[in-house]
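Peer 1: Next come the chains, spelled out residue by residue.
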Amino acid sequence: MTEKQTDTAQHTLVVRNMNVYYGAFRAINNVSLNIERNKITALIGPSGCGKSTVLRSLNRMNDLVNGARVEGEVLFHEQNLYANDVDAVEVRRRIGMVFQKPNPFPKSIYDNIAFGPRINGWKGTKSEMDDLVERCLRQAALWDDVKDKLKESGLALSGGQQQRLCIARALAVEPEVILMDEPCSALDPISTLKIEELMMELRQRYTIAIVTHNMQQAARASDYTAFFLMNDQRAGELVEYGPTGDLFTNPKDKRTEDYITGRFG
Amino acid sequence: MTTLNDELKSGLPQGEASRRNVASRRRKGAIWRTIFLSATIFGLIALSLLVYNVVNEVFGYVATEYAVDPATLSDKPLDELNKDELVAVLQGNMRKNAFRTLENEKPMANRSDSEVYDLVIERVLKPQTLETWTLRDSWFNKAAIDAQVASEFPEAKLEFRSWISTSFLTTPMSSDPLRAGVRTALLGSLWMIGITILFAFPIGVGAAIYLEEYATDNRFNRIIQTNINNLAGVPSIIYGMLGLVIFVRTLEPITSGRIFGADSGNGRTIVAASLTMMLLILPIMIINGQEAIRAVPLSLRQASYGLGATKWQTIWHHVLPNALPGIFTGTILAISRAIGETAPLIVVGASTFIVTDPDGPFAKFTALPIQIYNWTSRPQPEFAHIAASAIVVLLVMLLSLNAIAVLLRNRFSKRG
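Just so you know, the protein sequences line up as chains A and B, in that order. Numbering-wise (this note's numbering), the first sequence opens with residue 2 and increments by one. Numbering-wise (this note's numbering), the second sequence opens with residue 92 and increments by one.
Please keep in mind that the hints were generated in silico from the structure rather than gathered at the bench. Any given hint might turn out to be false.
[As the list claims (entries may be wrong)] List time: in silico DSS-like cross-link candidates among lysine-lysine, alpha-carbon distance up to 25 Å:
| no. | chain 1 | residue 1 | chain 2 | residue 2 |
| --- | --- | --- | --- | --- |
| 1 | A | Lys108 | B | Lys402 |
| 2 | A | Lys124 | B | Lys402 |
| 3 | A | Lys102 | B | Lys402 |
| 4 | A | Lys148 | A | Lys124 |
[Said to hold, decoys possible] Residues from chain B that keep clear of chain A, each with C-beta distances beyond 12 Å, as calculated:
| no. | residue |
| --- | --- |
| 5 | Ala108 |
| 6 | Thr131 |
| 7 | Asp160 |
| 8 | Val178 |
| 9 | Asp308 |
| 10 | Met332 |
| 11 | Leu391 |
| 12 | Thr401 |
Beta carbons: idealized from backbone N, C-alpha and C, even for Gly.
With the hints as constraints, model all of the structure from the sequences given.
Peer 2: In structure tokens form, the structure reads like this:
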């Protein structure tokens, strides 16, 4: 971890000395990481190295796991997300999430998008909601595919379309950060490519952190890459973090080099 | 290469032996298939026997004889008399008090021709059942029946009777099996089930939500959970005792309706029975509700939480709508159980002989299973016929209630 601690205002999320426990088991050991604003940060590493745990700690989704406990700080606009006066519900609205398996609600495409604003106290009119739905679907590059079937079930879409619907749904509550937990692992290569293109566009307005198993994806579609590995106690540690180009062409750590050249993992 | 083959040969059957092995495994599968098929067929046979036995009693020939010869009443055949003449026959052949009672119930002027005709048959001619036959005898031994009637009851009228009929559904209980009906029992059962669902559904679903979504995994909650699972298997008569102590005796001011200004004397009312039934079916409803809630995929909850939904919003918008079909399935099972329960009703004091319709939750009542129990315990063969008819009514009622629940379930599972 050689990245120097800069002014937190330049980073959307600053993780400081984070430990995550599941019961007595320490899953993450002392991770510090800055997620840069309007960039795509990829978290890579072998299975079980804790990269998904780190991602879920960034919007307190780990609160939902029985016995999960986070030590250390996650700063979002200089506010520690794990401070006592912070409500996880508010955190999750501002830091959205897209999951590994596309999980649209068993409702219409329209209602999938409208659900988030509605439960978060949306006060606008019906036509404003129509506009919002259209804007989110356009941002997720899905509008042309579904504009004639907004009343149909979200489950009737293909896997790649479902995942883009989930992204559109996340955009509807106007988050600043979008966390993506292996969003393409259940998709075919063409759908994967579409999601990557979409991420590149969304980067202009949102900060994105993505967990991926696919090193080519990290190399292609991210600005920064964090490489995680398990230590001897099976706890995940951050091995190396830096601009994606540097990390892939000139890794500083021997273990990173071994991993990205395919020597293990 | 040779080493690999040698290794394989040492353990697994090769060539002909392999073919024999596969054939033997397939034979084993076929044997199990036959066993499972016979289990299914056994069940089907048992069901058909049940239906056969019930239907066999519901229809059949009846030999009846009038206590009074119709020819002595009038010089014309009875069915040719007009209403006024029929009323005259009634008035002339009944005791004055009895006729006045009838007139008070509903004036003769307001009764239809056929009603008066039925009254004449019932009150004046007084048909007596001499002998009844089952459907099987009626179909296959008609000649023997004719011969028997001709030799034993030369005066009797032999007619094919369906013991279940609209009048069976609409007349109240009577000590005469030819005139007895299930109206009171049917209404009693409907009232009871209605109130039971009214209480059991919200309480059961509420408890299921709490246990599944809110309760943490600690010792106390585990004890509660274990107890609910065990309560589902407690014999129903124990619930009857519980209901007797709590609802009939302790909560008597409430269950008798006294504090609501509808005093029925004691706590042996529909409400007491419904609340007892509620206790009985709550464990089933809670366990089924929990299973339905647990079956809602985690990914759906995560999606909802990920958008900033609170726990309650997630439960209300996603968990409950997706669990509802399963909850309805549990409710169907629970209703089926409650509608057929007899023992707890006997203990909480359902009446076995009652002729007035239940007029509200605080009424005295009887229920179909009680009526069936009562009739099957009578020695006269006529009661076996009306008991079978009441069983048909109970089964039809059960199936219709289930059909409603299935329709509701399908409606909810299609949504979205």
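Peer 1: If I take the minimum Cβ distance from B/Val178 to any residue of chain A, is it greater than 12 Å?
Peer 2: holds (67 Å)
Peer 1: Verify that the Cβ of B/Thr401 lies farther than 12 Å from every Cβ atom of chain A, and report whether the claim holds or is violated.
Peer 2: At roughly 5 Å from the nearest Cβ of chain A, B/Thr401 sits no farther out than 12 Å, so the non-interface label is violated.
Peer 1: Would you check whether the claim that B/Thr131 is not at the interface survives, using Cβ distances to chain A and the 12 Å cut-off?
Peer 2: holds (34 Å)
Peer 1: Taking 12 Å as the cut and beta carbons as the points, is B/Asp160 off the interface with chain A?
Peer 2: Holds: least Cβ distance 74 Å, greater than 12 Å.
Peer 1: Between A/Lys108 and B/Lys402, does the CA-CA distance stay at or below 25 Å?
Peer 2: holds (19 Å)
Peer 1: The output says B/Met332 does not contact chain A. Does that hold with a beta carbon cutoff of 12 Å?
Peer 2: holds (40 Å)
Peer 1: Please check whether the beta-carbon of B/Leu391 is more than 12 Å away from every beta-carbon in chain A.
Peer 2: Given a closest Cβ separation of 6 Å, the condition is violated.
Peer 1: Does the claim that B/Ala108 lies off the interface hold, with its Cβ farther than 12 Å from every Cβ of chain A?
Peer 2: Correct as stated: the minimum Cβ-Cβ distance to chain A is 41 Å, above 12 Å.
Peer 1: So if I understand the rule, the pair passes when the alpha-carbon distance is 25 Å or less; does A/Lys124 with B/Lys402 pass?
Peer 2: holds (21 Å)
Peer 1: Does B/Asp308 clear chain A by more than 12 Å, comparing its Cβ with all Cβ atoms of that chain?
Peer 2: violated (7 Å)
Peer 1: Tell me if the straight-line CA distance from A/Lys148 to A/Lys124 falls inside 25 Å.
Peer 2: Holds, at roughly 24 Å.
Peer 1: Does B/Lys402 sit within 25 Å of A/Lys102, going by the straight-line distance between their CA atoms?
Peer 2: holds (22 Å)
The structure shown violates the earlier hints numbered 9, 11 and 12.
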